[in-house]
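Undergrad: Next come the chains, spelled out residue by residue.
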Amino acid sequence: MASTDIKVDSPSPNKVVDKNELLKKRKERNIKIGKWVMPIIVFMITIYLWYWTVQVNNIPHYILPDPFLVVTTLIQDIQILLSALQVTIQITLMALAVAVVGGVGLAILFTQSKFFEISFFPYAVILQVTPIISIAPLIFIYVDNRTVGLLLCAWIVAFFPILSNTTLGLNSVDHNLKDLFKIYGANRWQKLLHLQIPSALPYFLGGLRIAGGLALIGAVVAEYVAGTGGIGSGLAYTILEAGYRLNIPRMFAALLLIAGTGVFIFAILSFLSHLLLHKWHESALQKEN
Amino acid sequence: MNNDSRPLLLELKKVGKTFSEDIVALRDMDLKIHSGDFISLLGPSGCGKSTALRIISGLTEPTVGEVDWKVSHGSGAIGVVFQEATLLPWTTVEKNVWLPFRLQNKSFKEKKDEVERSLELVGLKDFTKSYPRELSGGMKMRVSIARALVTDPKVILMDEPFAALDEITRFKLNNDLLALRETLGCTIIFVTHSVFESVFLSDRIAVMAARPGRVIQELGVDEPYPRGESFRTSSSYGVICRNTSEALKLAMEN
Chain Z
1 MASTDIKVDS
11 PSPNKVVDKN
21 ELLKKRKERN
31 IKIGKWVMPI
41 IVFMITIYLW
51 YWTVQVNNIP
61 HYILPDPFLV
71 VTTLIQDIQI
81 LLSALQVTIQ
91 ITLMALAVAV
101 VGGVGLAILF
111 TQSKFFEISF
121 FPYAVILQVT
131 PIISIAPLIF
141 IYVDNRTVGL
151 LLCAWIVAFF
161 PILSNTTLGL
171 NSVDHNLKDL
181 FKIYGANRWQ
191 KLLHLQIPSA
201 LPYFLGGLRI
211 AGGLALIGAV
221 VAEYVAGTGG
231 IGSGLAYTIL
241 EAGYRLNIPR
251 MFAALLLIAG
261 TGVFIFAILS
271 FLSHLLLHKW
281 HESALQKEN
Chain P
1 MNNDSRPLLL
11 ELKKVGKTFS
21 EDIVALRDMD
31 LKIHSGDFIS
41 LLGPSGCGKS
51 TALRIISGLT
61 EPTVGEVDWK
71 VSHGSGAIGV
81 VFQEATLLPW
91 TTVEKNVWLP
101 FRLQNKSFKE
111 KKDEVERSLE
121 LVGLKDFTKS
131 YPRELSGGMK
141 MRVSIARALV
151 TDPKVILMDE
161 PFAALDEITR
171 FKLNNDLLAL
181 RETLGCTIIF
191 VTHSVFESVF
201 LSDRIAVMAA
211 RPGRVIQELG
221 VDEPYPRGES
231 FRTSSSYGVI
241 CRNTSEALKL
251 AMEN
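Sequence lines, in order, name chains Z and P.
Start counting the first sequence at 1; every next residue gets the next number (the working numbering).
Start counting the second sequence at 1; every next residue gets the next number (the working numbering).
For the record, the hints were derived by calculation from the structure and aren't laboratory data.
Among the hints, erroneous ones may be present.
Interface residues of chain Z toward chain P, partial, derived using beta-carbon atoms under 10 Å [stated by the list, open to error]:
(1) P67
(2) Q76
(3) I78
(4) L168
(5) S172
(6) D174
(7) D179
(8) I183
(9) Q190
(10) L201
(11) L275
(12) L277
(13) W280
(14) H281
(15) E282
Glycine residues also receive a C-beta, built at the ideal position from the N, C-alpha and C atoms.
The following block holds chain P by itself, in its conformation from the complex:
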């Protein structure tokens, strides 16, 4: 897919974040996100990838620079998925997915269709009345994704969402996430420290380095979607993984 043909959604302009004099979490980060992009932020821990995500989500104000949104972005414009599923344990799956609407003072009845559709998309329509504790780690993560999708957000931010899951579940969720994206055409910014995951999922990878946190290289993954298991075993996948690993190695040495 060609980036230029898609409208610009938001742009990070020389964004920097300094926590104290000697801790520079992020420096001079430029990043353009087009509608429909799947961008991975890849780097070692401490490279500011989570900080970048927090700045985009509005949780943290940048010290310098700005996040320039090209579209209006009110409540529900951003969906988030954290490393943990982060569900409300005291209520059911469907009520968890309803939460973003509830915070907009919209009743469950009014939004029941959206909630059901979202749960169907992640394959959990038979578990609407379950409590989070009754679900496996992978299923909880699916609920979390359903909640992020339910408001039909402009962009979905994912902060190492599958890092705590076993590899088999992670592969399955990777495949399903790509399928979801095919269906919905959503824009995703995905933080990960896995080279393989970033290559498999994204069409662009921003490789970041630590101390100070910054983007040192942007790599395009010019492989057409849909990508399935065959892509995981293809030679081009191997080549891109090697290139990305080398970029990451460079980032670690820096």
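So that you can see chain Z by itself, here it is in the shape it has in the complex:
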């Protein structure tokens, strides 16, 4: 066979534009902008429709107040609402703190003793699957102190995701790393501190974000059940009371604050998660790109 010359393709001098890649890039950019713009547009349309419905149908404000009345009420009643919000936030944060200590503590106990885990885990599940609203009345019968009762309710709801996620995380240690620690003669404490706890951190933070929202829900639900008003009652009671008086604008204003608080808690915990994980964990890396 005759030998043939091997031709090496040289890059073409013209700049070749790939239509598909260009389209893909444009789409990505649109999504990036749309992520912020679209929810705002939806928000404005909703507010406008709400306002328009109230105006056109002449709906009285004790049935459905228009959005501007809600904002006006929020400003007018801000003192009452803020002091109620403060109570709700206090209960929520305290419950969350106790849930973190209890959930993480129990998870660590679980991983240290398998017997402890198999003895107590079913009861943690039962506590979790029973609706808080059905336990709360009993709690307020047996617990005299109202704050302690509220705290207990919020804690029951919030602690489970922390417990189950942290337990999962502590048990999800790479088995080669476990072997490595054993070969280097690590004791139980070193293994927990240098291997299991860092491994569990992303799981714990995932649980914490869920627990933050749940603690707020628990605090609000428990207050509905507790029902007693007076000084030192939270936003849930404000809503109940305003409902009795047909003060619908205030109900909306309080609702707005509760929703805002929930979003704020979620945002703070997401930020905390990002701070702790962005240097090394997959979940935080994808956001950067």
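Position chain P against the provided structure of chain Z, taking the given hints into account.
TA: Then chain P, alone, in the frame of chain Z:
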């Protein structure tokens, strides 16, 4: 290199491991490891080569027989490299290499020189502050090797360390591993299922068979070190590879 001139480091005496009645992972394994040896355990999957390594490292107790150490072996006497780099993802390269010392309650400051030297040996001294995720697969493996070296261990156990890497990276790491061994004179027990890798690297190959796992033949690779790329293309390399392949074929048929 002549085995007899080097002191005996450890000896496996009739070591066997039975997981359940019908699963015999290892039977009657005898193996002498001298200081400075580079021994490959070569065999098909299920031949107990990883089990043998786990028994030597102390992770698994043998069912019968014993591992007779001729020297004292405390924490840090054994270095290990797994198939995956097995690094702590939440901390930097230098802190990963420090880990064996950290578990001996020795501070980073105290051991900074050792850590730096070890990373320099594997060619990563510019990456001390990097996180594992920033490194390629080959570089992660280098960190893993640096960590195994850092305690100046009596023996380094490597369980198919380069099996997950591409061939070009594997060749490079093979060369570098031999260079490291020239510098440090370390003893290495290397598990692999690659004939070529075992011949290129080791001075002795224990060919193992499966069901039950056992050593069926020990081959010496009488080629002087240092071995470089020229050895890979030499005719003697080809001959040894063929002999080893035949032994392995025998092991598979058994």
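Undergrad: Now tell me if each hint is right for this structure.
TA: Hint by hint, here is what the structure shows:
no.	hint	verdict
1	P67	violated, 47 Å
2	Q76	violated, 50 Å
3	I78	violated, 44 Å
4	L168	violated, 17 Å
5	S172	violated, 13 Å
6	D174	holds, 7 Å
7	D179	holds, 6 Å
8	I183	holds, 5 Å
9	Q190	holds, 6 Å
10	L201	holds, 7 Å
11	L275	violated, 13 Å
12	L277	holds, 8 Å
13	W280	holds, 5 Å
14	H281	holds, 7 Å
15	E282	holds, 8 Å
Of the numbered hints stated above, those contradicted by the structure are hints 1, 2, 3, 4, 5, 11, listed in ascending order.
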